[in-house]
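Peer 1: So the protein sequences, as listed, match chains A and B. Okay, so the first sequence: first residue is 1 according to the working numbering, each after it adds one. Okay, so the second sequence: first residue is 1 according to the working numbering, each after it adds one.
None of these hints come from the bench; they were simulated from the model. Just to be clear, a hint being listed does not mean it is correct.
Stated by the list, open to error - Per the computed footprint, the stretches of chain A lying under chain B, defined by three or more beta-carbons under 8 Å from a beta-carbon of chain B, are:
hint, region
1, 63-73
2, 267-278
3, 295-307
4, 316-323
Glycine included, every Cβ here is placed at the ideal spot set by N, Cα and C.
Given next are the chains, with one letter for each unit.
Number of protein chains: 2
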Amino acid sequence: MAGVKSLFEPKSVVLIGSSRIREKVGMTSPQLFESVIYNMTKFFKGETHVVDVEGKKGARTLHELSHAPDLGVVMLPPSGSLEQVQNGAKMGIKAFVLLTGRFKNPQRKQLSDLKREYHVRILGPNTIMGVINTSNGLNTTFERDVMPPKGDISIVSQSGGVGAALLDWACSYGIGVSKFAFMGDKIDVDDVDLLRYFEKDTHTKVICLYMEGIEKGRKFIDVAREVVKKKPILALKGGVTKEAARRALSHTASIAGSDVVFDAAFKKAGIIRVEDIEELLDAGVALAKQPPLKGDNIAIVSNVGGPAILAADAVVKNGLRLANLSEKTRRAIEKRFPGLEAVNPIDLIADARAERYAFVLDKVLSDPNVDGVLVINMLKSCFFEPEDAVAVAETAKKYPNKPVVDVPAGGEDFTLVQKVLRSTSIPVYNLPEKAAKALKNLRIYGKIAEATMKKI
Amino acid sequence: MAGVKSLFEPKSVVLIGSSRIREKVGMTSPQLFESVIYNMTKFFKGETHVVDVEGKKGARTLHELSHAPDLGVVMLPPSGSLEQVQNGAKMGIKAFVLLTGRFKNPQRKQLSDLKREYHVRILGPNTIMGVINTSNGLNTTFERDVMPPKGDISIVSQSGGVGAALLDWACSYGIGVSKFAFMGDKIDVDDVDLLRYFEKDTHTKVICLYMEGIEKGRKFIDVAREVVKKKPILALKGGVTKEAARRALSHTASIAGSDVVFDAAFKKAGIIRVEDIEELLDAGVALAKQPPLKGDNIAIVSNVGGPAILAADAVVKNGLRLANLSEKTRRAIEKRFPGLEAVNPIDLIADARAERYAFVLDKVLSDPNVDGVLVINMLKSCFFEPEDAVAVAETAKKYPNKPVVDVPAGGEDFTLVQKVLRSTSIPVYNLPEKAAKALKNLRIYGKIAEATMKKI
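Here chain A stands alone, though its shape is the one from the complex (with noise of 0.2 Å):
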């Protein structure tokens, strides 16, 4: 196996680095070292081998194992990194994963000598976490215990720290992760490279990404819109502002370019643009689960008042519309509900539970001049029970081309009720305004989709 596929689906794995290291600072400790190995053989399908070069656990090198490995990961600082990186290549290791940084221009040059001597491919260096793979337990970050739920979005992030925080917020709020790639200084595998991979990934149905800067950028415009056709891809850019761009240029060395021209280069490219790690995860979630929004018609189903006029603000403002329910859907509402007016946003009032909402869905659903739904089902001051959120998922399936989005406003609400939709196709959401931000990113993507299949 070669190439970008070995990062992500090795059948083995060996992990470099050391238990006995002296420097006290950084990705180089004993420590970090112990946790990738409990990692890989936690979760690992796959053989584990591990080489501890001036320590005890595994191998003391290399030569020492019988055959190469697809994928080496290697935790040393530089010099020690590029002598693994050598002598691996040398015996066939195919793709290296560089966690360390702190690597200067010299040593940078050596790596990108050994990658061109030896036709292996590198991540990083400084890529800090590496990578995962739900599907076959990879998981090369030093974060004891920690890996996401199996899901069909697939993560890159040019930085550690913003990787680290959408590895915790997927953990935390269960959401579907197939792959994460950090990528650190990008001295070889990039955002084309990846895209390209994920393109033809059987497991991923979303691609998200955090970037700082990108160098080939007709290239990656280029790539991303052929990707497009196939799958969405999210973008979350950092150093929009002059003041941050500055700094992202000592981050993680990107020339950050103006915001500008970064808007034009992903409109082109039809890449989604984001703004921040929550919106990321938020729109992965929905591109993954639901069809892009075919037009701009949004109802509201809710079991309260106030919650669903915060929807339908909300709704407006992320330019979709109120729609306008047919009088057929109307009489069919009233007539089975009397006590209900069938205006958009349709209030169930507080004891509505599963029965009244399948019901109502299904009319909604079934009606030409709505495009999608935003559901808001309230525990709190209602008669809701979280196990009625099912009826939502089940109607919802009878209707595959329109997006349905739920919302449970609040903390515990929205824990309780994501809990039993996790597993179904629905997105949940714990605030309105985020759901139908949700649905404006699907009617983005839906029109993408469209001005592709024009162009076809």
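Fit chain B to the given chain A structure using the hints.
Peer 2: Below, chain B without anything else, positioned relative to chain A:
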């Protein structure tokens, strides 16, 4: 005791409902009555009486009580509620909370007549959740065992649903609350009455409002202008778009008024307007715990690069500036930690622990070029431990005039650090963008306070 004060500070309360009522729907169900009795019995430090008009819990009529309680909480259908308010008012009860909704216009008029005839104060009808006071344990909600932690924020919601979401959010994220008031239909006690009460309430430092409409606009503005001299008022307005406003009319009988008019009114009153439920509480916590921001210059102190860049972007997008650290500050930091580059945003590097945070934060806060600080302390991908956050709170305490906010970006990291900082004066946010918004709102109040001072 009389007036609005009785709604929050009664020594004795009577709960009037029915454990046998035949209505299946709404606020008058026996289970909800049972839950209110449970909450009051569990939390309330004063006397709790029960009048069960058709059942066997406590007395059958108010006349069986030996003296008039300070507050009557009524959860009967409209006709029954009216009867009990009349009986109670006659025997000397001075204030009522009417949880039940669905009062028709003639019934509202009867209620107004009773109010005038007996000089009683009425909150509601249709308040759904009534009132909470964390100081004396008053809790008329039917959410069993739900009580927010004690704190300095008082919250007024016109909508039961938004109020429930705010309550749920406060409980889940450990946000300290002084009082909750759910206004409902505002037949008597309204925003103006509550502002006046909270103005004098020593347990209230910040007032948070959710409103859909306002009747006595001029009065509201005049009173708010007085109140904001002493404590900040934050407002979330529902029904800002034409589409949602139409719905607000039928929801709480509010004439929403145009968004532009509201915006001007809020500005004139010195009310800080926010965009959603989360920002309302995020800003509330910041203003309750930290001083107003007296200038635009923010320093960012972080142990990760990427999130610091996102923070820098957010600071600038929120109309603030990245502070130019003085030569003295820069030299002091770089002398003590030769590896660090003391450029704002300051990257303390992934192995920073309490001591490095304390030193750098101290230097930065003593810098006259800095008006406030946004601290980022990630746990994941870093060496920072939750208890290290104590150093942030301890250092910030030495500079009581400069606000400090803290960001452990993510889900689990946020929860762990929040647990440590909850009892301190440091507000904690799960994303840099939310912390930057909190600083913006601290700056807005800084300007409001300044303008008010000049006028005096």
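Peer 1: Against the structure, test the hints numbered earlier, and report the numbers of the ones violated in rising order.
Peer 2: Checked against the structure, the only hint that fails is number 1, while the rest are satisfied.
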